[in-house]
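K.L.:
Each chain, letter by letter, is given below.
There are 2 protein chains.
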Amino acid sequence: MDHLKELDRHFSEHREAHLAELNDFLSIPSISSLSGHKGDMRKAAEWLAGSLKAAGLENISIDETSGQPVVYADWLHAEGQPTLLIYGHYDVQPVDPLELWDSAPFEPEVRDNKLYARGASDDKGQVFMHVKAVEALFKTHGKLPVNVKFCIEGEEEIGSPNLPAYVEENKDKLAADVIVISDTGMQGPGQPAVCYGLRGLAGVQIDVKGARGDLHSGLYGGGVQNAIHALVELLASFRDKEGTITVDGFYDDVRPATEEERGEYGKLGFDEEALKKELGVSELFGEPGYSHLERTWTRPTLEINGVFGGFSGEGIKTVLPAQAGAKITCRLVPDQDPDDIVQKLRSHIEKNKPAGVTVNITEFDKGKPFLTPYDHPAIQAAGKSYERVYQVPTAYTRGGGSIPIVAAFDEILGLPVVLMGFGLSSENFHAPNEHFHLENFDKGLRVIGDYYFEVSSALSGAE
Amino acid sequence: MDHLKELDRHFSEHREAHLAELNDFLSIPSISSLSGHKGDMRKAAEWLAGSLKAAGLENISIDETSGQPVVYADWLHAEGQPTLLIYGHYDVQPVDPLELWDSAPFEPEVRDNKLYARGASDDKGQVFMHVKAVEALFKTHGKLPVNVKFCIEGEEEIGSPNLPAYVEENKDKLAADVIVISDTGMQGPGQPAVCYGLRGLAGVQIDVKGARGDLHSGLYGGGVQNAIHALVELLASFRDKEGTITVDGFYDDVRPATEEERGEYGKLGFDEEALKKELGVSELFGEPGYSHLERTWTRPTLEINGVFGGFSGEGIKTVLPAQAGAKITCRLVPDQDPDDIVQKLRSHIEKNKPAGVTVNITEFDKGKPFLTPYDHPAIQAAGKSYERVYQVPTAYTRGGGSIPIVAAFDEILGLPVVLMGFGLSSENFHAPNEHFHLENFDKGLRVIGDYYFEVSSALSGAE
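If you read the protein sequences in the order shown, they are chains A and B.
full-length UniProt numbering puts the first residue of the first sequence at 1, with every later residue one more than the last.
full-length UniProt numbering puts the first residue of the second sequence at 1, with every later residue one more than the last.
Worth double-checking, as some hints may not be accurate.
[What the hints assert, rightly or not] Here are the simulated lysine-lysine pairs, DSBU-like style, with alpha carbons at most 30 Å apart: (1) K209(A) to K241(B); (2) K353(A) to K276(B); (3) K317(A) to K53(B); (4) K209(A) to K143(B); (5) K241(A) to K351(B); (6) K173(B) to K276(A); (7) K5(B) to K277(A); (8) K351(A) to K241(B); (9) K277(B) to K353(A); (10) K173(B) to K43(B); (11) K139(B) to K209(B); (12) K344(A) to K353(B); (13) K241(B) to K277(B); (14) K276(A) to K317(B); (15) K353(A) to K317(B); (16) K209(B) to K277(B); (17) K43(B) to K267(A); (18) K53(B) to K209(A); (19) K366(A) to K317(B); (20) K317(A) to K173(B); (21) K317(B) to K38(A); (22) K276(A) to K276(B); (23) K241(B) to K344(A); (24) K353(A) to K139(B); (25) K317(A) to K139(B).
[Unchecked claim] Footprint (simulated), chain B over chain A, 3 or more residues, beta carbon under 8 Å: (26) 6-12; (27) 131-144; (28) 220-230; (29) 448-457.
Hint data in this document are derived by calculation from the structure and do not stem from the laboratory.
We put the beta carbon where it would ideally sit given N, CA and C, even for glycine.
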């Protein structure tokens, strides 16, 4: 692996310069949710475009959208080689409450080999690593072993409202073989992870209505259906006491995790006792027959996110409530379809509708689950690069959550997605004192550089 | 019934004078809940004391309490005859929103033979009728056929905080054979009713706690107990789908309504279709095997009065909630004991506690059910007097609600209670445009006057 040695030397020699550059990027308060920072957003996009250009990329453009611009760049001269679409974002979260920061959020500071600044980990730091990896390859290798396209947006922290339209409109420009995203976390300190699947989302609000208005529980109690009773009866019917969802056909389309995947998860040595302690619960709870990781990564859920009705103030009010409601969301796994699941929820509600009330259903936004097969060469290649640098086995993980933009990419471009993140869940992204462990910055640069070779070899069979 | 003819003539001759006097009483804004009306409270108490004195009563006193005073008066010269304790209140509800009143709340006005004013029905008008009935008997008969004690308080609308202590301290002074209260309603227009039973009350708040804090439903969903799921499972276990309470032993101490009582209720011709229309429901709902009146008068209930947990704002929030709670109250019937019922709720909760959460229980204030036996002579006597004046059969009813002060009287003095009300549920007590149908004012005066003879005869066997 000569290229890795060269990269290592290059990154070592330029460490101070790279950190200084990153500090410039992090100093721009590109908070997408605050309209007062519109100028900063533009500044960050321009800074990034300049950095991409300096790195050796071509066709740099700052593409306008209805919101913040998308920064695009590519290098497409690796003939016969696969094309990577590198997605990331240059916007950051707000910084309130400012008084909880130990150093100013936009004045980066290194303490204990951690870089403290808003965006250090999420996601400017990780975007910057991709830029510098490309630059290093040009400098040490003269060219890239793959074709690359950068697509770095400025609205991820506000839900990427304009990106799906941008991707749709620029399908050809963004055409690639695989999407690489470094905006997630590792499995733990020193434990690299490639995330190859995320859960989708579907949900409904259920509103139950009984009498025309709230009634006096003395005058009417026992003789008129109570909307809360009706609701809880309905809600309780969605799940059995052990945690298995009892909606007809709910699990029909679930693609079971393979034995190989389950084996991998088992090897991760996930500490359920430590989790119980962390959460302050005496027992974990979930569908029988599955480990905690399997439950949260490979199994769909139905969670009541909120319930409301009647009197919730202090003390007693003997009302017979006429209305009650609940919000329910399901996390979905391949090959469940959000529309189909909502239909099944509707049927379940219809079948289990209690007497004496009407039930109204409102659907929430849906998101499809995503899964790049565990054994996809682009996934396995990422794992190898991690292992080569970190010198420990890579965790092949799924995420229990949903990253809508991943689902959108998956849906519009139909590409495998490799989530190779370098953050740690302890790094306070979205909170005061966000930081990035520079150990993972240093190693990550090398992993990414190596990955371009590895994925080239894996996808094309040639290096 | 010579005395009834004499009363009739007396009340006819003095109608204008009586209404003018009542207007004076109603013009005093004796709102107990507003501290700015402290002077009006005193003024109303003094007005009432003067009215009682003018009527011929003795031992008039304005008894101080920690709050508003109690007005006491008696006449105890009917040797060998029973003693009636007449309870009522001279305080009234606030009048907001004032702009919804068609005439000023403290400037009484007669429209369409209805007297509009705050307190006209609840309860100054009905208290005044008892005073005038006594006065009429003195004037037409020279004496009363029974002994009477008036105990008219000024804090009923704020929950009678000081009356139980007053009754406890004045047990001897208030000793009587029966308590008469005219502060409730008739069964309907032209349909007199004697209410001989009320339900009691017991309840708890249930707080369920799962993890230390709310969790991300993506990261943890499916692997940790959801506090709302646990709560709804628990809440659903209290009742079956048909409305029967499933708490062990809940119905054990229920004294069933007698065949005679159920027969009486059946004769009332209660219109369930009209009720459905009024409430806007397609079906009534409750314990199988009982009519609506039986369900609300003679059967205990368990109602969820409020439920809360997680996110209740607009739209979606994919939280896995750590806490959820509910408020539950039971309406109790004789011979259920509120303490025993709370103990049974506790056992049920313990037995049905879902996995993965802790459950905390907070008890609410309790109230005992009350029942004067349907065939008690004082009850039947009231029914006869109603029938004599209204010329229709009296409804012998129970109330589904709880009047705490009745339970307190029942508990401290251990007396039968006769609830003979002249209000109608349509008369907007506690709302703008409170009024009192003068037909029931006129007839009620005669009923009360007649009742003194009737109850004397019923309880002592002599007239």
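K.L.:
Taking each numbered hint in turn, which are not upheld by the structure, reported in ascending numerical order?
P.N.:
3, 4, 6, 7, 11, 16, 17, 18, 20, 22, 24, 25, 26, 27 and 29
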